[in-house]
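S.K.: One-letter residues, chain by chain:
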Amino acid sequence: MLTIIQKLASLKFTLVGMVLLGVGASLSYGNPTDIPVWVLVVPMILLVVNLSAAILTNPRINQQSGLLVFHVSLLVIVILAAVGRLTHMDAHIELVVGSVFARQNLQEIKSGPLHGGNLDDVSFVQGPFSVQYAPGMQRGLTHSQVKIKNKRGEWQDKVVGDDRPLIINGYRFYTTFNKGFTSVLTWVPDEGEAVTGTVNMPSYPLFEYKQDNRWTPPGGDEIKFWLQLRTNMDEKNAWVLEQGSSSGVLVVVTSANRYEVPLGGFVQLGNGRLQFDDLRMWMGYRLFYDPTIQWMFFVSIAGVMGLGYYFWKKMNVQPWMVEASVAETSKKMMINDNHSTKRNVAMEDQS
Amino acid sequence: MNGIVSELPWLWAGLGAYFVATLIAMWGVVPRFAGVPFVKTKRHEHVVMIFLVVGILLLTMAIAARWIRIGHGPWISLFELLVSQLWSLGIIFFLLYWRLPGLRPSAVVVLPVMWILGSWVLILEPTASHFPATYYNSWKWVHVGLGKVFLALLLAGVGLAGVMVLRRTQRGQRWFSSMPSDAVVDHLAWRFMMLALVFDSLMLIAGAVWAQDAWGRYWAWDSLETSAFLTWLFLAIGLHVRLSYRVPTWVSGLMIIGIFAMAFATYFGTPYISSAAHKGMV
Ligand code: HEM
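So the sequences go chain by chain: W and A.
Per the working numbering: the first sequence = residues 4 to 354.
Per the working numbering: the second sequence = residues 54 to 335.
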């Protein structure tokens, strides 16, 4: 048994694993869609087996504390990454100003089979936000105001954006480049109850030229909307995108007619009335959950400290001064002796 | 381009100083140009140091002038990255040159490598770059700072690697006859590689923290991350090859040059040929 483990621990095997991992990483360069993740996972599994065997059987690694800490941390990082994949969650959500986060509205959800976070307790309200643009339409800072409930149940204001995610129950919400306008509409059918809802237009200013969407009222024909926006947008100079300084007219297109509806106005359609109640903005968030990230950080720092300690000790056994003193000797010898071979032999003895 | 912008005269002067340092370092290893068989004194090394310091100061001025002109530090464009690397590589190599006299002749390899950066920067437009929102994060200082030490340690290693490879020729043996034996040079070179691995690992950790803050993910195998991982892996392979085999010093030198080439491509190639998110612009 031991001999099998010793064979698995071979350093030649390590090199094969590392080269395969290098090949796998090169193949995945730029994240091509046709390369399976196995090109990375298989070499990693090989290396995990090899390294575990080496840690168990090789005194060169398990009797040098710093080196041991480093290699164990490499193992733990791979294990944590695997746990992270199994428990993670990734998703996107578009939140209209004034609305409350609701998990049903999450889109493009990707989560590991063992994801067990407490998303039901996550609650916050989207407040107004602004996005700065530098000349040439270069996006700058995003300030997004949100209200969250603190432990005592009171509402608290928070500003998030760019480098400052909103973190609740381990779920991290990041503002993205994806944000835009929404029209708050009320549909008052000739018979039945009125319904109010929002229709998000495509990302702004990215799709500034096509601010349109469609909706089919209950029991009616499809309606096309188009928002004629007036914002601060300026291609040459700096400007700020925000709800307060933006206005718009809703263009409603049915199969028969085209109507321009100002804010607060309405249009009578075949079987009901469509009101344009409000113009608001929506912010696109990226949601990220991975319970291993803090551990990953601490373990990797511990690993590097182990490596540093190992090198520190190694370099102190034969300190930098050895080289310096070799150089000193070489200087002295140069004056007396110009024969390089002899000198090299002498210096090798000293090193 | 609108005329000569404020940082250019400082940049040219700084590169000029590095150039003089390079020539003097070369003269030091090939003294027959001065009609003597070998340099008896090491006084020229002090002159090299003086020109390196002058170069560093002038490049500091170039960076400061640009910072004032465009309102942010040299973080973004290739022009900025090259100037900033010329500055930090200069500082760290100067410190090593000063503290470790044994490696001084390797400046004839190191300084020409810096000249690749120097000539490259000269053909680039110093157009003002846009400062992306994600760069307000303080981790950029840690990430970039560690990366600078990492690259400088690799460069010092490349200097010694170049010595080992050039010593395969008779001329190379003459040039570097005042240096310790190959075994000692190799030993010192790999010390730099070991330290480089420590700084590389720390740089990757700081980068992952920044990426988590900036893009909501710590690692996504984008082109720059993959390239940086390959550099780290090459270092690991290099160190492990030396544990398993007796590597001739010139092969060892070629391994170091290979690792440096990978790091070089990661720094100055990948971010500018790929349109991946890592540019920080989106
Ligand atoms: C995955 C399988 C691995 C195994 C089985 C393994 C095994 C070993 C062993 C046995 C040593 C010998 C120590 C000595 O002789 O003094 C060592 C050293 C070392 N390993 Fe690993 N290792 C592995 C992966 C890695 C990786 C991925 C790195 C990443 C950089 C790494 C970095 C190092 C370093 C820096 C040393 C010290 C080298 C030196 O002192 O010259 N190892 N490893």
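By construction, these hints were calculated from the structure, which means they are not laboratory data.
One should not assume that every hint holds.
[What the hints assert, rightly or not] Taking beta-carbon pairs under 10 Å as the criterion, some of the chain W residues facing chain A (in silico): (1) ALA137; (2) PRO138; (3) GLN141; (4) VAL270.
The structure displayed is predicted, hence computed values, not measured ones.
Cβ coordinates follow ideal geometry from the N, Cα and C atoms, glycine included.
S.K.: Confirm or reject each hint.
M.R.: Hints and how they fare:
| no. | hint | verdict |
| --- | --- | --- |
| 1 | ALA137 | holds (6 Å) |
| 2 | PRO138 | holds (9 Å) |
| 3 | GLN141 | holds (4 Å) |
| 4 | VAL270 | violated (38 Å) |
The structure fails to meet hint 4 from the earlier list, while all remaining hints are met.
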